[in-house]
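**Student:** The lines below spell out each chain.
2 protein chains.
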Amino acid sequence: MKSLFVLVLGNTEVSLIPGISVAGATPELTKLTPPADAEYLFYEKPRIIDAIPVTPEGHPTPAIITKAARELANFSILVVRGGTYLAPLVPHVHISSAVGRDFRREPALPEFGEIIRTAKLLGEELNKTTIEELVIGESTPGGTTTAQAVLWAMGYDARTSSASPENPQSLKEQVIAEGFKRAGIERGQLKDNPLEALRQFGDPMMAAVVGLALGFRKNIVLAGGTQMLAVSALLRAIGEDMSRFMIATTKWVVNDRSATLIETAKEIGIITYAADLDFSKSEFKGLRDYENGYVKEGVGAGGATWLAVKAGFSPEEVSAKVGELYRRLMEMKSP
Amino acid sequence: MKSLFVLVLGNTEVSLIPGISVAGATPELTKLTPPADAEYLFYEKPRIIDAIPVTPEGHPTPAIITKAARELANFSILVVRGGTYLAPLVPHVHISSAVGRDFRREPALPEFGEIIRTAKLLGEELNKTTIEELVIGESTPGGTTTAQAVLWAMGYDARTSSASPENPQSLKEQVIAEGFKRAGIERGQLKDNPLEALRQFGDPMMAAVVGLALGFRKNIVLAGGTQMLAVSALLRAIGEDMSRFMIATTKWVVNDRSATLIETAKEIGIITYAADLDFSKSEFKGLRDYENGYVKEGVGAGGATWLAVKAGFSPEEVSAKVGELYRRLMEMKSP
Numbered sequence: 001m002k003s004l005f006v007l008v009l010g011n012t013e014v015s016l017i018p019g020i021s022v023a024g025a026t027p028e029l030t031k032l033t034p035p036a037d038a039e040y041l042f043y044e045k046p047r048i049i050d051a052i053p054v055t056p057e058g059h060p061t062p063a064i065i066t067k068a069a070r071e072l073a074n075f076s077i078l079v080v081r082g083g084t085y086l087a088p089l090v091p092h093v094h095i096s097s098a099v100g101r102d103f104r105r106e107p108a109l110p111e112f113g114e115i116i117r118t119a120k121l122l123g124e125e126l127n128k129t130t131i132e133e134l135v136i137g138e139s140t141p142g143g144t145t146t147a148q149a150v151l152w153a154m155g156y157d158a159r160t161s162s163a164s165p166e167n168p169q170s171l172k173e174q175v176i177a178e179g180f181k182r183a184g185i186e187r188g189q190l191k192d193n194p195l196e197a198l199r200q201f202g203d204p205m206m207a208a209v210v211g212l213a214l215g216f217r218k219n220i221v222l223a224g225g226t227q228m229l230a231v232s233a234l235l236r237a238i239g240e241d242m243s244r245f246m247i248a249t250t251k252w253v254v255n256d257r258s259a260t261l262i263e264t265a266k267e268i269g270i271i272t273y274a275a276d277l278d279f280s281k282s283e284f285k286g287l288r289d290y291e292n293g294y295v296k297e298g299v300g301a302g303g304a305t306w307l308a309v310k311a312g313f314s315p316e317e318v319s320a321k322v323g324e325l326y327r328r329l330m331e332m333k334s335p
Numbered sequence: 001m002k003s004l005f006v007l008v009l010g011n012t013e014v015s016l017i018p019g020i021s022v023a024g025a026t027p028e029l030t031k032l033t034p035p036a037d038a039e040y041l042f043y044e045k046p047r048i049i050d051a052i053p054v055t056p057e058g059h060p061t062p063a064i065i066t067k068a069a070r071e072l073a074n075f076s077i078l079v080v081r082g083g084t085y086l087a088p089l090v091p092h093v094h095i096s097s098a099v100g101r102d103f104r105r106e107p108a109l110p111e112f113g114e115i116i117r118t119a120k121l122l123g124e125e126l127n128k129t130t131i132e133e134l135v136i137g138e139s140t141p142g143g144t145t146t147a148q149a150v151l152w153a154m155g156y157d158a159r160t161s162s163a164s165p166e167n168p169q170s171l172k173e174q175v176i177a178e179g180f181k182r183a184g185i186e187r188g189q190l191k192d193n194p195l196e197a198l199r200q201f202g203d204p205m206m207a208a209v210v211g212l213a214l215g216f217r218k219n220i221v222l223a224g225g226t227q228m229l230a231v232s233a234l235l236r237a238i239g240e241d242m243s244r245f246m247i248a249t250t251k252w253v254v255n256d257r258s259a260t261l262i263e264t265a266k267e268i269g270i271i272t273y274a275a276d277l278d279f280s281k282s283e284f285k286g287l288r289d290y291e292n293g294y295v296k297e298g299v300g301a302g303g304a305t306w307l308a309v310k311a312g313f314s315p316e317e318v319s320a321k322v323g324e325l326y327r328r329l330m331e332m333k334s335p
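Going line by line, the protein sequences match chains Z and S. Count the first sequence with the numbering used here and you get residues 1 to 335, in order. Count the second sequence with the numbering used here and you get residues 1 to 335, in order.
So here's chain Z without its partners, still in its complex pose (with noise of 0.2 Å):
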């Protein structure tokens, strides 16, 4: 296949606020989320905690898409770890272990810089190999939240998704508040200094990945909600012409009414693919729930079966795959 699957793990302080992420059970647990999600879709389970990723209510990790979609397709993944507090126990390039800081004290992230000139050096040997497209997903644990105070920084009117369906907007928007009030900015002040926004309120994936893509020449899909619009904004405000990139998520961030994902996109100029996956038959509640609001993307899910439908294989067989996967995971639980 001439397209590689990037994972970049990131981590940011913000996670550990209560209420904030629901990418793991506990908000101590969102520590450990980014690197058993890379791990689980090398084995059967992860080996740095012995269960997969769950919200708090025990809905499974994103990963199962990315893995059943994977299973199918057969596409090949590079992991790299762009900043967290552990290395996964998998292969994984190594970029950095900085994670982001709590915006609301200090800079969420000054070593952006050396982040960016690396992740930009893999990418271009990447580019000189015959890999023709980067698909490019994420595990970042409160990872809406610095893509939203970026957004708004930047000057755009966007309110991102969440993995729960009860978006907690009202405590994204005080978090976010603070964090302006400590830098002593207002919406939109760093329009035109996405470095800025980037350095105050970011996360390690976004610096990655923003390396990477200046890294890169070729064809990039950034496989995820509106965590990817912030990398996309930062992108385009450095200068980068947005027609070689793509989003590619799901119908359930698109659907999201408590987001912005289309409008923003659209403000931005980077078109979107949205994967037609359906868990409402499921006979497992954690994955029916998808439905509802929950998890709704992540571990780059919805590029993950855009390459298994380029592959020739239907969102309804990724569907089926993941149940699939579920049925082992459960199976491995009640032995």
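Be aware that one or more of the hints could be misleading.
The list treats identical chains as interchangeable, and a pair is accepted whether it falls inside one copy or across any two copies.
[Stated by the list, open to error] BS3-like, lysine-lysine: derived pairs with alpha carbons at most 30 Å apart:
id, residue 1, residue 2
1, Lys-128, Lys-45
2, Lys-120, Lys-191
3, Lys-128, Lys-218
4, Lys-120, Lys-310
5, Lys-310, Lys-128
6, Lys-191, Lys-218
7, Lys-310, Lys-266
8, Lys-321, Lys-45
9, Lys-310, Lys-45
10, Lys-310, Lys-218
11, Lys-120, Lys-218
12, Lys-128, Lys-321
13, Lys-251, Lys-128
14, Lys-285, Lys-251
Honestly, the hints are just simulated from the structure, not real lab data. None of the values given here were measured: they were computed from a predicted structure.
Chain S: place on chain Z using the hints.
**Tutor:** Relative to chain Z, chain S alone:
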């Protein structure tokens, strides 16, 4: 380009034995040689230390040949940390931070299984891409001693080369004899137990390359001198068909009468390419001395030259480019 150059970094405590290795200005500095070699391929000079690796007498690392070939042929490099004291400050795939132990005192590599398994996963991912060939080089100070120990344990009557014109064969043989005594084995006793030879006497580079080769099922060029004989012997004993493998090294290794590259390669059944580099007319003594038996090979110099030759450049052009790079280094030293 359909080839990918992979540089595997390894360390072994054996390089700290005085007189064993000249892949560093002092035994202690050999710890820094693998990351510094990797960094020099990406930057004008290493970052972990402010100068390129040199022998105690000041001869430059063979990374200068790899870098020269790359400046001509523009091939893509993937750095892999097989097992080193320190991480290189370039994007690199993390496999392990285990270094080989001094086999006179204890088994060298209890972690061999984990390194092989993790590297195999990386090989499998690369195998799914459009990359058709891996050219695998290495930087492993002390590695010719571990290589000779592994070959002897497996019954090959091999002498490995050295980066010194006076190959310290008697010291190597004494160290190996102590290791065999500690392990309670005779020469040839591990003929049918390659993994035990690797565990007792090997280094993490060997384990990582074996793993890569088990995962990547297309053509593999083992870019190195006598160290790659040990890898070849391991692969053959594990049951790999040698016809998809080739050794690419330099004429300096092939012409080294203190070593047995051609004889041992024939015994193993692997074909060999020897890059016809010529530094005899260089204006720099540090390079001319390559013709007198200094350095000879490393950092995949022969394999990198082979990639340049495949891309239409002559060994003379590579040699000339090495001179240019050396001049640049000299000019940086005396501003």
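**Student:** Hints first: check each against the structure and report whether it holds.
**Tutor:** Cross-check of the supplied hints:
no. : hint                 : in the structure
1   : Lys-128 with Lys-45  : between (34 Å within a copy, 22 Å between copies)
2   : Lys-120 with Lys-191 : within (23 Å within a copy, 46 Å between copies)
3   : Lys-128 with Lys-218 : both (10 Å within a copy, 19 Å between copies)
4   : Lys-120 with Lys-310 : both (27 Å within a copy, 27 Å between copies)
5   : Lys-310 with Lys-128 : both (23 Å within a copy, 16 Å between copies)
6   : Lys-191 with Lys-218 : within (26 Å within a copy, 49 Å between copies)
7   : Lys-310 with Lys-266 : within (24 Å within a copy, 46 Å between copies)
8   : Lys-321 with Lys-45  : within (16 Å within a copy, 49 Å between copies)
9   : Lys-310 with Lys-45  : within (27 Å within a copy, 43 Å between copies)
10  : Lys-310 with Lys-218 : both (18 Å within a copy, 25 Å between copies)
11  : Lys-120 with Lys-218 : both (13 Å within a copy, 28 Å between copies)
12  : Lys-128 with Lys-321 : between (34 Å within a copy, 21 Å between copies)
13  : Lys-251 with Lys-128 : between (34 Å within a copy, 29 Å between copies)
14  : Lys-285 with Lys-251 : within (19 Å within a copy, 66 Å between copies)
The structure fails none of the hints (numbered hints given earlier).
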